[in-house]
Amino acid sequence: NAGVTQTPKFQVLKTGQSMTLQCAQDMNHNSMYWYRQDPGMGLRLIYYSASEGTTDKGEVPNGYNVSRLNKREFSLRLESAAPSQTSVYFCASTSPRGGKNNSPLHFGNGTRLTVT
Amino acid sequence: AQSVAQPEDQVNVAEGNPLTVKCTYSVSGNPYLFWYVQYPNRGLQFLLKYITGDNLVKGSYGFEAEFNKSQTSFHLKKPSALVSDSALYFCAVRDIDAGDYKLSFGAGTTVTVRA
Numbered sequence: 001n002a003g004v005t006q007t008p009k010f011q012v013l014k015t016g017q018s019m020t021l022q023c024a025q026d027m028n029h030n031s032m033y034w035y036r037q038d039p040g041m042g043l044r045l046i047y048y049s050a051s052e053g054t055t056d057k058g059e060v061p062n063g064y065n066v067s068r069l070n071k072r073e074f075s076l077r078l079e080s081a082a083p084s085q086t087s088v089y090f091c092a093s094t095s096p097r098g099g100k101n102n103s104p105l106h107f108g109n110g111t112r113l114t115v116t
Numbered sequence: 117a118q119s120v121a122q123p124e125d126q127v128n129v130a131e132g133n134p135l136t137v138k139c140t141y142s143v144s145g146n147p148y149l150f151w152y153v154q155y156p157n158r159g160l161q162f163l164l165k166y167i168t169g170d171n172l173v174k175g176s177y178g179f180e181a182e183f184n185k186s187q188t189s190f191h192l193k194k195p196s197a198l199v200s201d202s203a204l205y206f207c208a209v210r211d212i213d214a215g216d217y218k219l220s221f222g223a224g225t226t227v228t229v230r231a
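Going down the list, the sequences are from chains X and A.
When we follow the numbering used here, the leftmost residue of the first sequence carries the number 1, and every step to the right adds one.
When we follow the numbering used here, the leftmost residue of the second sequence carries the number 117, and every step to the right adds one.
Where hints are given, some of them may not hold.
[Stated by the list, open to error] Straight-line Cα separation of at most 30 Å, DSSO-like style, residue types lysine-lysine; simulated pairs: (1) A:K138 x A:K165; (2) A:K185 x A:K138; (3) A:K165 x X:K57; (4) X:K9 x A:K165; (5) A:K193 x A:K174; (6) A:K165 x X:K71.
Just so you know, these hints were derived from the structure itself, not from any lab.
Modelling step: build the complete structure from the supplied sequences, incorporating the hints.
Now the structure itself:
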């Protein structure tokens with residue numbers, strides 16, 4: 001059981017280049033999330049998908065787009081990378097239990113992105 | 117709106133001593149509260165959560181946390197720390213009445229346990 005898988009693990013981009021971060025989960029979860037982690041700032045939500053076919057903005061969506069390709073996969077795209085997007089990106093997923101939203105998030109191991 | 121504060125950037129303890137990592141939260145209604153741990157170059161791992169009921173919650177690896185509604189706190193504790201507990205710890209909150217599963221995280225506390 002792989003859980004949440006993110007690719008690539010590392011990436012270096014030049015300013016203005018584009019790329020897509022991939023995320024897949026095999027836990028049959030409904031909801032998926034993209035966070036970025038920066039020193040001293042914790043994790044900030046970029047975008048999320050409450051269920052297949054829906055996506056919504058989080059706290060810091062500017063410069064990003066997402067696609068919920070199917071129930072398993074949720075990708076994050078940087079159309080024109082900027083140095084401010086240098087960060088560690090985490091994908092996470094979860095599903096309700098008994099109709100309540102008290103389930104923890106399950107995280108991937110992250111993608112470390114550097115934009116020069 | 118929901119938010120979390122972790123007032124200490126770093127906590128240093130000797131192995132065998134008690135470990136406490138502090139967390140305070142703010143939500144409009146009632147909270148679900150979570151603790152996660154992150155080891156170097158890894159994702160976040162779930163440690164424990166408070167939903168309702170007993171204010172003392174027990175979790176993985178001997179950790180526990182105490183929910184205090186009047187102080188809006190959810191401090192993480194371990195009676196006897198191990199060197200292997202050295203990691204980055206995050207507290208997170210979710211509003212019970214929110215219609216989604218978004219978590220708001222604190223900035224994190226780096227725990228160093230010295231031998």
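Here's how the hints hold up against the structure:
1. Under the criterion of a C-alpha separation no larger than 30 Å, the hint pairing K138 of chain A with K165 of chain A is consistent with the structure, at around 15 Å.
2. Proximity of K185 of chain A to K138 of chain A is assessed by CA-CA distance (about 14 Å); at most 30 Å being required, the pair is judged to hold.
3. With a C-alpha separation of about 26 Å, the suggested pair K165 of chain A and K57 of chain X falls inside the 30 Å cut-off, and the hint holds.
4. Between K9 of chain X and K165 of chain A the CA atoms are separated by roughly 29 Å; this keeps the pair inside 30 Å, and the hint holds.
5. Taking the CA atoms of K193 of chain A and K174 of chain A, the gap is about 10 Å. The hint holds against a cut of 30 Å.
6. Of the supplied pair hints, the one linking K165 of chain A and K71 of chain X holds, its CA atoms being roughly 26 Å apart against a limit of 30 Å.
Violated hints are absent here; each numbered hint is respected by the structure.
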